[in-house]
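> Protein chains in written order, with the working numbering: chain A, 596 to 686; chain B, 90 to 503.
In case anyone wonders, no lab produced these hints; they're calculated from the structure. Any given hint might turn out to be false.
To be verified - DEER-style ranges, computed between Cβ atoms:
| hint | chain 1 | residue 1 | chain 2 | residue 2 | range |
| --- | --- | --- | --- | --- | --- |
| 1 | A | Arg598 | B | Pro441 | 38 to 44 Å |
| 2 | A | Cys604 | B | Glu474 | 52 to 58 Å |
| 3 | A | Trp659 | B | Lys147 | 54 to 60 Å |
| 4 | A | Asp608 | B | Gly333 | 30 to 36 Å |
| 5 | A | His615 | B | His368 | 16 to 22 Å |
| 6 | A | Arg598 | B | Thr306 | 35 to 41 Å |
| 7 | A | Leu645 | B | Arg264 | 27 to 33 Å |
| 8 | A | Arg598 | B | Lys143 | 37 to 43 Å |
| 9 | B | Glu352 | A | Gly644 | 51 to 57 Å |
| 10 | A | Gly657 | B | Arg489 | 51 to 57 Å |
| 11 | B | Asn199 | A | Trp659 | 40 to 46 Å |
| 12 | B | Met90 | A | His615 | 48 to 54 Å |
| 13 | A | Trp659 | B | Glu294 | 33 to 39 Å |
| 14 | B | Arg264 | A | Glu631 | 16 to 22 Å |
Backbone N, C-alpha and C fix where the C-beta goes; we use that ideal spot for every residue, glycine too.
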Amino acid sequence: MLRIPCPHCGTRDEVEFHWHGDAHVIRPGPEVSDAEWSDYLFNQNNPKGLHYERWCHTFGCGQWFNVARDTVTHEIHAVYRMGESPPDIDQ
Amino acid sequence: MKGYSTFSLIRNALGGHRFWKPVWRTPEPKDSYDVVIIGAGGQGLATAYYLARKYGIKNIAVLEKGFIGGGNTGRNTQVTRSNYFWPQSSAFFDHSLKLYETLSLDLNFNVMLSQRGVLNLVHSHHEFEGLRRWANAIRINGVDTDIVTAAEVKEIVPLINMNSRFPVHGGSIQRRGGISRHDAVVWAYARAADAHGVDIIQQCEVMEFAISNGKVTGVETTLGKISANQVSIAVAGHTGVLAGKAGFRVPITSMGLQAMVSEPIKPCLDTMLTSPVIHMYVSQSDRGEIVLGGGADVYTSYAQRGGIPLLEENVAALLELIPAFSRLRLMRQWSGIVDITPDTTPIMGMTPVQNLYISGGWGTGGYKAIPAGGDTMAYTIANDEPHSLITDFGLDRFERGVLIDEGAASGVSH
Ligand SMILES: Cc1cc2nc3c(=O)[nH]c(=O)nc-3n(C[C@H](O)[C@H](O)[C@H](O)COP(=O)(O)OP(=O)(O)OC[C@H]3O[C@@H](n4cnc5c(N)ncnc54)[C@H](O)[C@@H]3O)c2cc1C
Ligand SMILES: [Zn+2]
Numbered sequence: 596m597l598r599i600p601c602p603h604c605g606t607r608d609e610v611e612f613h614w615h616g617d618a619h620v621i622r623p624g625p626e627v628s629d630a631e632w633s634d635y636l637f638n639q640n641n642p643k644g645l646h647y648e649r650w651c652h653t654f655g656c657g658q659w660f661n662v663a664r665d666t667v668t669h670e671i672h673a674v675y676r677m678g679e680s681p682p683d684i685d686q
Numbered sequence: 090m091k092g093y094s095t096f097s098l099i100r101n102a103l104g105g106h107r108f109w110k111p112v113w114r115t116p117e118p119k120d121s122y123d124v125v126i127i128g129a130g131g132q133g134l135a136t137a138y139y140l141a142r143k144y145g146i147k148n149i150a151v152l153e154k155g156f157i158g159g160g161n162t163g164r165n166t167q168v169t170r171s172n173y174f175w176p177q178s179s180a181f182f183d184h185s186l187k188l189y190e191t192l193s194l195d196l197n198f199n200v201m202l203s204q205r206g207v208l209n210l211v212h213s214h215h216e217f218e219g220l221r222r223w224a225n226a227i228r229i230n231g232v233d234t235d236i237v238t239a240a241e242v243k244e245i246v247p248l249i250n251m252n253s254r255f256p257v258h259g260g261s262i263q264r265r266g267g268i269s270r271h272d273a274v275v276w277a278y279a280r281a282a283d284a285h286g287v288d289i290i291q292q293c294e295v296m297e298f299a300i301s302n303g304k305v306t307g308v309e310t311t312l313g314k315i316s317a318n319q320v321s322i323a324v325a326g327h328t329g330v331l332a333g334k335a336g337f338r339v340p341i342t343s344m345g346l347q348a349m350v351s352e353p354i355k356p357c358l359d360t361m362l363t364s365p366v367i368h369m370y371v372s373q374s375d376r377g378e379i380v381l382g383g384g385a386d387v388y389t390s391y392a393q394r395g396g397i398p399l400l401e402e403n404v405a406a407l408l409e410l411i412p413a414f415s416r417l418r419l420m421r422q423w424s425g426i427v428d429i430t431p432d433t434t435p436i437m438g439m440t441p442v443q444n445l446y447i448s449g450g451w452g453t454g455g456y457k458a459i460p461a462g463g464d465t466m467a468y469t470i471a472n473d474e475p476h477s478l479i480t481d482f483g484l485d486r487f488e489r490g491v492l493i494d495e496g497a498a499s500g501v502s503h
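With the rest of the complex left out, here is chain B:
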């Protein structure tokens, strides 16, 4: 892999940018691989990268039905944080944030991590009490978070309307939280995985599994049969579809989650602002766009387009909170199909089929989990047993009755 450096940038600029080379190959699929990963979103690519780099497995393919990062990883709003309530979640998501903190250096690719803080608002006295409990739990878990008063909120976000329909009572902030650039994360992992010999095969949809005696032996794809010793599913909204083809059911509902951006404006919002109650979160991208999102359309959907009622609700909530944005025009609106579990905790690890693994149920929050998801799934595949950080995230937790009800505990969906 040719590294990027200031020197290489200058040299290519002087060459009029005509001499950049493709940064990953476009290989034909081989007949067989040690490991096949289905889905080239952030989760699948990161898993392939860590498998190759940390465990020395060289014969790996990532199969993608569309283009890399074309699923939720290229559609999300980039919130990166680790302020989760339950100890298992904190440990896992903070591992991910730590990996994000050095990712640009590790992968020699600027993922533009901006630790601008994630500020959660509360709108009533009682909600504030709940938030204190949440913040204390997070601190006991060893993750940074601070309670901020209403006056401090106003200082951090001068544009905010404190006397909105739901007046702002205060909030909490994780200062290490923030955003990064989603496409860069995809490209960084793809380039690094390719450099370690991973075949990234796009326009290749997995249609069926080959399973004999309860053990997966390969996949049928639109480009033909590929045999594999181990197969891992990392297909987000399509997890239920692929699990069905492998003969088991999962507690996942696929729903459309939308986001939108305004036209670009000058810098005016330098934190990630979120309100669980009015169900809206907003940040400003490096290009100046106001990036806005909220809840999912609450019915099963594979349509990848958001419903109008929720769009309207999101915009209304934003304008109540930051009236100055009422002059902005929306430029784009889109949706991704998110894989929601009953306890909003991901499903990771083993499946009822031998040598078949799963990384799904990421729902509305799996972007921040890409480095840790890849790292722990790589361990899981290499050792055929769950990594210690994800033993509680297994599919078997539903049967055992030990759910990790993170949505209810944290009250935030991203």
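Bound-form chain A, shown alone:
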């Protein structure tokens, strides 16, 4: 069971949240090639280790936020708000 510290509500069980994949993805403009567009649309970072990802506290405050989490240990290193830049994590 993941225990996720929502920046607004405090620590809650994972069942209250939804995971939404890579954080800090920037949508390219309409001028890009099909390859760049499909890279944006479909490809995933999917790292083994530190992952910067988005979560939403769906069954709580409904807010989105970012999480820096290890995908092997599931340890949550940091939680930070949308729009903030990813923190440096010492591993």
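Go by the hints and put chain B with the ligands onto chain A.
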């Protein structure tokens, strides 16, 4: 290869089983191979076997970081079926089921294929309409499937509770579907590949690729450098990691998919029962255990252990459907890291790197695809072009915008 027969079983039994010989070698890696396959799951081993047997390539290595079948192939729930919605999927998965039907004879190894039928439940009138459309599409694809009424469901699974939280409205059954024994499939292909001269090298992890001028020339492993003319990636949940090392990105998310078994009981469930809506599927193994699975933990994970919330959800769904199982104790629970694509169709064939091939994105359903995956990847590697059954499964489909949205179409995840 020494064949197995009734006679050899009797002779070894009389010898107190002291004289069985190892059925594959444990070779040291050579400096160079024609083909190196990364990952000794079912997909990698089957590819090596068909490459050696059908295309006469003798100098092949399969490199495995752990032990053979220790990944998803040894962790899955063995569902084998071909009732897919899209014509490309039906054709591919039915080719696989046909190969499964003769696999024990072909490989002289009993893979214990049990075509006990795969029964899909629906729980509302509207879902039933969707199921009819699905069943019709499958039949047009030339694959067997039958609609069954609620009363027929009860006849097939007498233990079922028809008035559960989501009452059972009916279902469909693919009678040729069923289960087989996953370890046997791994061992059968490993033994047959070894007999054709394939080197299966365990405890050998691929760390980097050697690539020059856009062409792969070998791999760096924990046992040293190995050069190769062609390299194929068959590493399931680690596909994204290895693609990254080869310099390209893939639309794959790695997630934990879990399963569990109860203590063994007498035979009471002789079909593979699945419900896409309550997201649970269950069968009884030959040893009598109730084998239960469901959905994946929905966040990236390489942890190979399942989360408690989903375990609880799976068990709750099962007990609502078959209350008699509430007395059973769970014996074991485990998880494998599955490689999920946006359209739940595998990614097979060529990559942006020359002479480097990929067989991944198998997600929650690549066990049933082992024979066809091996067969078509062998063709692809031998001819340096995708086999006709997998031309639509290429990595380039995302850029071209021609996804095969099989998950949405079939509503089942295995
Ligand atoms: C719980 C569960 C239930 C499932 N149920 C079903 C089912 O009922 N029916 C069905 O059809 N499918 C099912 N699946 C999916 C199925 O198990 C997989 O799709 C299939 O086994 C994939 O085979 P593979 O050979 O590609 O992968 P694997 O069997 O995982 O083999 C990949 C191998 O690559 C190795 N490897 C990884 N990285 C490296 C490296 N760098 N160097 C060397 N080796 C490496 C791994 O150790 C592993 O042994 C299930 C999966 C799980 C986890
Ligand atoms: Zn909150």
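> So the hint says 40 to 46 Å: do the beta-carbon atoms of B/Asn199 and A/Trp659 match that?
Hint violated: Cβ distance 53 Å, outside 40 to 46 Å.
> CB of A/Trp659 to CB of B/Lys147, is that within 54 to 60 Å?
55 Å, holds
> Between A/Arg598 and B/Lys143, is the Cβ distance one that fits in 37 to 43 Å?
Given a distance of about 52 Å, which is not inside 37 to 43 Å, the answer is violated.
> Could you check the hint for me, namely that B/Glu352 and A/Gly644 are 51 to 57 Å apart, CB to CB?
37 Å, violated
> Can the suggested window of 48 to 54 Å be confirmed for the beta-carbon pair B/Met90 and A/His615?
About 51 Å separates the Cβ atoms of B/Met90 and A/His615, which means 48 to 54 Å holds.
> Look at the Cβ atoms of A/Arg598 and B/Thr306 and judge whether their distance stays inside 35 to 41 Å.
47 Å, violated
> Do A/Asp608 and B/Gly333 keep their Cβ atoms within the hinted range of 30 to 36 Å?
Because 32 Å falls inside the window, the suggested range holds.
> Does the Cβ pair B/Arg264, A/Glu631 satisfy 16 to 22 Å?
47 Å, violated
> Using the beta carbons of A/Leu645 and B/Arg264, state whether their distance is inside 27 to 33 Å or not.
48 Å, violated
> Against the range 52 to 58 Å, how does the distance between the Cβ atoms of A/Cys604 and B/Glu474 compare: consistent or not?
55 Å, holds
> Please check whether A/His615 and B/His368 have a Cβ separation lying inside 16 to 22 Å.
20 Å, holds
> Does the hinted range 51 to 57 Å hold for A/Gly657 and B/Arg489 at CB?
For B/Arg489 against A/Gly657, whose Cβ atoms are near 37 Å apart, the range 51 to 57 Å is violated.
When the structure is compared with the earlier hints, violations turn up for hints 6, 7, 8, 9, 10, 11 and 14 and for no others.
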